[in-house]
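Chemist: FYI, the numbering for the sequence shown is 1001 to 1246, going by our numbering.
Check before you lean on any hint, since a few could be wrong.
[Said to hold, decoys possible] FRET-style restraints, in silico, Cβ to Cβ:
1) A1124 to D1209: 32 to 38 Å
2) P1156 to W1082: 22 to 28 Å
3) E1213 to I1189: 22 to 28 Å
4) D1209 to R1182: 29 to 35 Å
Read the hints as simulated data drawn from the structure, not as lab findings.
Just so you know, even glycine gets a beta-carbon here, dropped at the ideal spot from N, CA and C.
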Amino acid sequence: MRIGQQYGEPVDSATTALGERATGWEFAWLDGRPGGPSWSYPNLARHLLRRAGAALDLDTGSGELLAELAPLPPHTVAVESWARNTPVARDRLAPFGVPVLTELPGGEEEFDVVLSRHGRLPAADIFRLLRPGGHLLSQQVGSDDLAGLNAALGAPGAHHRWTAEVVAAALEEAGLHVTDVREEHPDVIFHSVGEVVRQLRDLPWQIRDFSTEKYADALGRVDSFIRLHGALTVTAHRFLIQAVRS
C-alpha cells in the first residue's frame, strides 16, 4: 500500500513536507473542519477590538486572522518570532499600519486588548502590557488534542499538561481576573489513512518524529481499522479563556 493513494493524491502530494507548507502558516482551517470549537474566536475578537484604542496580537502567524478582523484599533501591534512567518506578516499587515515585532513590547499598560490564538500566553507580560480594564482573549489547543491518534499509532503523547484549568490558574496568579472559560473535546473523524498522514504532516508537533516510513506498520493497522469500521474517531481539545486586568 502507498499511503497517499488512500487520500486520492499521489503519495508525495499527500505527505507534503512541513517546509513546503509552513510559510505564512495560519490555523483558521483547524476551526472550520469537524472538531472545531462551538464558539467563534473571530467574532469574540471583533467585539473587543471595536471598543479598543490599542491592541496586541501575540504569535500572529502570517497575519491572516488579524487582517480579517479589520478595522483595527488605531494602535495595533503584532508579534511573530518565527523567521519564516515574520516577513509574510509584515507584508500582509503593512496596509493596516500594523508593525510586526519579533519580541514582546517592553512597555507597560499599553494595550486595551491582547489576543492570542493558538499562541503563547506569558501571563506576567500580558498583565504588564494590559491597561487597567484591558482584556485578554485567547483560544488554545489543549494537551489532550488528538491523543487518540497518537495512541492508535503507538506514538508518545503530550509531555506537559495544558488545559483551561492550568492556564486560568497562571493568569490569576499573575494578577488577571478570569471572566470566561470554555473547554471542549469534539470528535475528529478520519475516513482514510491518507487523511491521517496529511493531518500529521500539517501539524508536525503532534508526533514529532513522524514519517510514513517510521510509522508504516502502525499506519497499516490504522488503514485496516478504517477499512473495517469505516472511520477512525478521536477527540480534539480546544479551550477559550477571557480575562481582564482590574
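Chemist: May I ask you to test the hint 29 to 35 Å on the CB atoms belonging to D1209 and R1182?
Modeler: Because 33 Å falls inside the window, the suggested range holds.
Chemist: Is it true that the C-beta distance of E1213 to I1189 lies inside 22 to 28 Å, as the hint says?
Modeler: With Cβ atoms ~26 Å apart, the hint holds.
Chemist: Range first: 32 to 38 Å. Now tell me if the beta carbons of A1124 and D1209 are that far apart.
Modeler: With Cβ atoms ~33 Å apart, the hint holds.
Chemist: If you check the beta carbons of P1156 and W1082, does the distance land in 22 to 28 Å?
Modeler: Since P1156 and W1082 have Cβ atoms about 24 Å apart, the given range 22 to 28 Å holds.
No hint from the list above goes unmet by this structure.
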